[in-house]
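Trainee: What follows is the residue order along each chain.
Number of protein chains: 2
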Amino acid sequence: MGNLYIGLLHFPMRNRRGEIVATAMTSIDVHDIARTARTYGVARYFVVTPLPAQRRIGWRIRGFWTEGERAAEESGRGDALELVAMADDLEETLGWIRDAEGQDPVLVATSAKRHGKQQTSYAELRRRLRESDEPVYILFGTGWGMTEELIETCDLILPPIMAGSDFNHLSVRAAAAITLDRVAGESKE
Amino acid sequence: MGNLYIGLLHFPMRNRRGEIVATAMTSIDVHDIARTARTYGVARYFVVTPLPAQRRIGWRIRGFWTEGERAAEESGRGDALELVAMADDLEETLGWIRDAEGQDPVLVATSAKRHGKQQTSYAELRRRLRESDEPVYILFGTGWGMTEELIETCDLILPPIMAGSDFNHLSVRAAAAITLDRVAGESKE
Numbered sequence: 001m002g003n004l005y006i007g008l009l010h011f012p013m014r015n016r017r018g019e020i021v022a023t024a025m026t027s028i029d030v031h032d033i034a035r036t037a038r039t040y041g042v043a044r045y046f047v048v049t050p051l052p053a054q055r056r057i058g059w060r061i062r063g064f065w066t067e068g069e070r071a072a073e074e075s076g077r078g079d080a081l082e083l084v085a086m087a088d089d090l091e092e093t094l095g096w097i098r099d100a101e102g103q104d105p106v107l108v109a110t111s112a113k114r115h116g117k118q119q120t121s122y123a124e125l126r127r128r129l130r131e132s133d134e135p136v137y138i139l140f141g142t143g144w145g146m147t148e149e150l151i152e153t154c155d156l157i158l159p160p161i162m163a164g165s166d167f168n169h170l171s172v173r174a175a176a177a178i179t180l181d182r183v184a185g186e187s188k189e
Numbered sequence: 001m002g003n004l005y006i007g008l009l010h011f012p013m014r015n016r017r018g019e020i021v022a023t024a025m026t027s028i029d030v031h032d033i034a035r036t037a038r039t040y041g042v043a044r045y046f047v048v049t050p051l052p053a054q055r056r057i058g059w060r061i062r063g064f065w066t067e068g069e070r071a072a073e074e075s076g077r078g079d080a081l082e083l084v085a086m087a088d089d090l091e092e093t094l095g096w097i098r099d100a101e102g103q104d105p106v107l108v109a110t111s112a113k114r115h116g117k118q119q120t121s122y123a124e125l126r127r128r129l130r131e132s133d134e135p136v137y138i139l140f141g142t143g144w145g146m147t148e149e150l151i152e153t154c155d156l157i158l159p160p161i162m163a164g165s166d167f168n169h170l171s172v173r174a175a176a177a178i179t180l181d182r183v184a185g186e187s188k189e
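Chains A and B, in that order, give the protein sequences.
If you read the first sequence in this note's numbering, its first letter stands for residue 1, the second for the next number, and so on.
If you read the second sequence in this note's numbering, its first letter stands for residue 1, the second for the next number, and so on.
Treat the hints as calculated values from the structure; they're not laboratory data.
Please note that the accuracy of each hint is not assured.
Copies of the same chain are indistinguishable here, so a pair counts whether it falls within one copy or spans any two.
Stated by the list, open to error - Only pairs whose alpha carbons sit at most 25 Å apart, straight line, appear in this in silico DMTMM-like list of lysine to aspartate or glutamate: (1) K113 x E82; (2) K113 x D133; (3) K113 x E101; (4) K113 x D79; (5) K117 x E186; (6) K117 x E152; (7) K117 x D99.
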């Protein structure tokens with residue numbers, strides 16, 4: 001079985017006017033997605049931002065729960081936040097995975113919109129994780145989504161979560177939870 | 001097909017010491033779960049708290065996005081928040097559903113722990129929603145979970161989301177997203 005990695009990217013993202021921006025990190029994304037990642041056996045959760053001040057905040061949140069005054073709390077919050085690593089850019093996280101795994105991961109984009117790119121399915125990615133030793137690294141965007149250029153650097157893209165819905169504005173916290181449940185959750189019966 | 005309702009309850013909940021408390025409403029729960037509910041075609045999302053000041057805050061968040069300055073924003077946030085209704089207690093929300101549906105809903109509890117109560121499965125609830133006209137009302141707890149007495153008043157309970165994981169501390173935002181995807185999402189292929 002391959003190890004599963006996830007990344008929450010804050011650059012290069014689109015804002016509501018389609019401009020390329022670095023979005024603001026929010027602490028609830030660090031917490032919620034770490035808890036989900038821990039539930040589903042994710043090997044590491046990268047929070048990626050080019051802004052040094054925001055990376056410091058991220059490390060501080062992690063430290064507060066893993067080494068600081070709340071480390072012993074029985075909620076297990078520390079166990080979840082230990083999965084978090086702050087990084088400058090995608091390349092740094094790929095280096096981290098290469099060092100740990102001895103190979104490049106299959107890099108998977110997610111998006112609320114359909115793209116021309118080669119698409120995989122949740123079921124196919126689930127099979128791949130179970131049957132192959134290759135690590136899989138799933139990227140989640142923030143703001144109004146990843147740039148096309150970023151999506152193009154990925155090997156595969158997952159389809160929108162509810163392609164048939166007339167509403168596609170899930171929070172990234174909800175999207176990450178649903179995606180991990182579909183590719184790494186228990187059988188649904 | 002039956003209509004689906006969800007409720008986020010803030011009383012009677014357990015705190016970390018097992019005491020019965022009213023938990024604090026958080027605006028991120030209102031927003032995130034409304035967006036998820038809208039994506040999955042939920043008929044109404046009840047946010048239930050006995051604290052009048054918190055209900056006022058909830059209505060104000062809703063109004064800001066549905067009638068106030070951000071109502072025209074293209075994120076569709078207003079479409080999601082229109083699903084939100086604040087209520088005093090479970091009985092008030094059941095009356096609301098009875099008025100709309102002409103019958104009582106099947107009341108379904110959720111929990112991160114296993115309970116003795118008659119359990120349904122995600123697949124069974126999914127079939128029930130598709131094949132029956134009965135409304136279904138799924139309750140989510142906050143804090144350290146619903147009291148046993150509250151769970152006992154429900155008709156059914158769903159199993160923990162990842163019963164096989166050694167970590168069961170998903171945020172309620174993630175738990176609601178995964179639950180709705182399992183019972184009301186598209187087929188996973």
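Trainee: Now tell me if each hint is right for this structure.
Mentor: Against the structure, the hints:
In the homo-oligomer, the alpha carbons of K113 and E82 lie at most 25 Å apart only across protomers (23 Å), although the nearest pairing inside one protomer, at 32 Å, exceeds that limit. Taking the closest pair of Cα atoms, K113 and D133 never come within 25 Å of each other, the shortest separation being 30 Å inside a single copy and 32 Å across copies. For the homomeric pair K113 and E101, neither the shortest alpha-carbon distance inside one copy (31 Å) nor that between copies (34 Å) is at most 25 Å. In this assembly of identical chains, K113 and D79 lie within 25 Å of each other by CA distance solely across copies; the values are 19 Å between and 33 Å within a copy.
Taking the closest pair of Cα atoms, K117 and E186 come within 25 Å of each other only across two copies (21 Å); inside a single copy the shortest separation is 29 Å, beyond that limit. When the C-alpha separation of K117 and E152 is checked against a cutoff of 25 Å, the pair qualifies only within one copy, where the shortest distance is 7 Å, while the shortest distance between copies is 49 Å. Neither within a single protomer nor between protomers do K117 and D99 lie at most 25 Å apart by alpha-carbon distance, with minima of 28 Å and 48 Å respectively.
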